[in-house]
Amino acid sequence: MWNISAGTGDPVVFVHGAFCDYRFWEGQIETVGRSLRAIAVSLSGFHPGPALAADEFSAERHVAELSAFINSLGVTVHLVGHSRGARVALNVAANLNGAVRSLVLIEPGGEMDRNFLLRQPQAHTKPAPGPDTREQALLLIQSGRREEGMRLYIDSGHGEGRWDRLPPAVKRMLLSNAETISGMVRDRSSPLAAEPARKISCPTLLMAGSDSPPIFSNVLDALETYLPNWKRHRVDGADHFLPWERPREVNQLLLEWLRAQPS
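Going by numbering that gives the first Met the number 0, the sequence shown opens with residue 0, and the numbers climb by one from there.
Some hints could be false.
Between beta-carbon pairs, the in silico distance windows are [claimed, not checked]:
(1) Q251 x A168: 17 to 23 Å
(2) S71 x S142: 17 to 23 Å
(3) S209 x N114: 34 to 40 Å
(4) G48 x G8: 35 to 41 Å
(5) S188 x M0: 16 to 22 Å
(6) K198 x G143: 42 to 48 Å
(7) E146 x P261: 17 to 23 Å
(8) S34 x K198: 40 to 46 Å
(9) S142 x P167: 21 to 27 Å
In the SDA-like style, the derived pairs of lysine to any residue whose C-alpha atoms are separated by at most 25 Å in a straight line are [unchecked claim]:
(10) K230 x A98
(11) K170 x S34
(12) K170 x Q141
(13) K170 x E134
(14) K198 x D112
(15) K170 x Q260
(16) K230 x R187
(17) K170 x F115
(18) K170 x C201
(19) K198 x S209
(20) K198 x E223
(21) K170 x R144
(22) K198 x R258
(23) K198 x L95
(24) K170 x A193
(25) K170 x A52
(26) K170 x T132
(27) K198 x R150
(28) K170 x A93
(29) K230 x A50
(30) K170 x R133
(31) K198 x G73
(32) K198 x K170
(33) K230 x C201
(34) K170 x L139
(35) K198 x A67
(36) K170 x P47
(37) K198 x E29
(38) K170 x E223
(39) K230 x G97
(40) K198 x D210
What the hints contain is simulated information worked out from the structure, not anything from laboratory work. Note that the Cβ used here is the ideal one computed from N, Cα and C, for glycine as well.
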């Protein structure tokens, strides 16, 4: 599995979300790597690996390959996931209970079991991009208009003008993974669901930004009822891209969490 790492000691595996790759965690790898072994992976189909055909791309595949990667390390790990990567990490932790020492879920997102949320988002809240929007973004990206497609996708889920406010490095990363949308819009595997969450016995940190779309807060509310051992923290003034845009606060929370875990 393609990855970069820094440091030595207990491994901390970082899992990126949709349209991202190992580069998403640049703000965490160096800092966490000063005291532990920080490993940022790129899931199959994402930069710098080869693309996957739409019918080969799935969260189920990513759960299986990440599970195999963690088993190959031969020691227990701390597992950190963001957005779609947090959904993957949750399902991995449910499958590999004994191999995951602690779990950090930063605004899990994407496919959900229909009974997962305790309450449906209110009509006035901004939902995640719906099927029609994603299909429109897919058509734009497949026609070579990648930036238009990504702007539509990001703005529809995170507010008008959000794409234009992203740092240039984040835009470049998202654009380099834009073609993964063809598999993602059709994938319904390994959703956020109550059953896998209830299987997780390790301590779990739930993290969110105060300015993120309300759907992510609803997801964390649901996870609080399913997870047996959790702690929750909000990063003020941050939105869904908080590991990149608020690295100091996120790193401090991560290090405090990791140091508090029993050896």
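Practice task
Could you tell me which of the hints above the structure violates, numbers in ascending order?
Solution key: 2, 3, 4, 7, 8, 11, 15, 16, 17, 18, 19, 24, 27, 28, 29, 32, 37, 38 and 40
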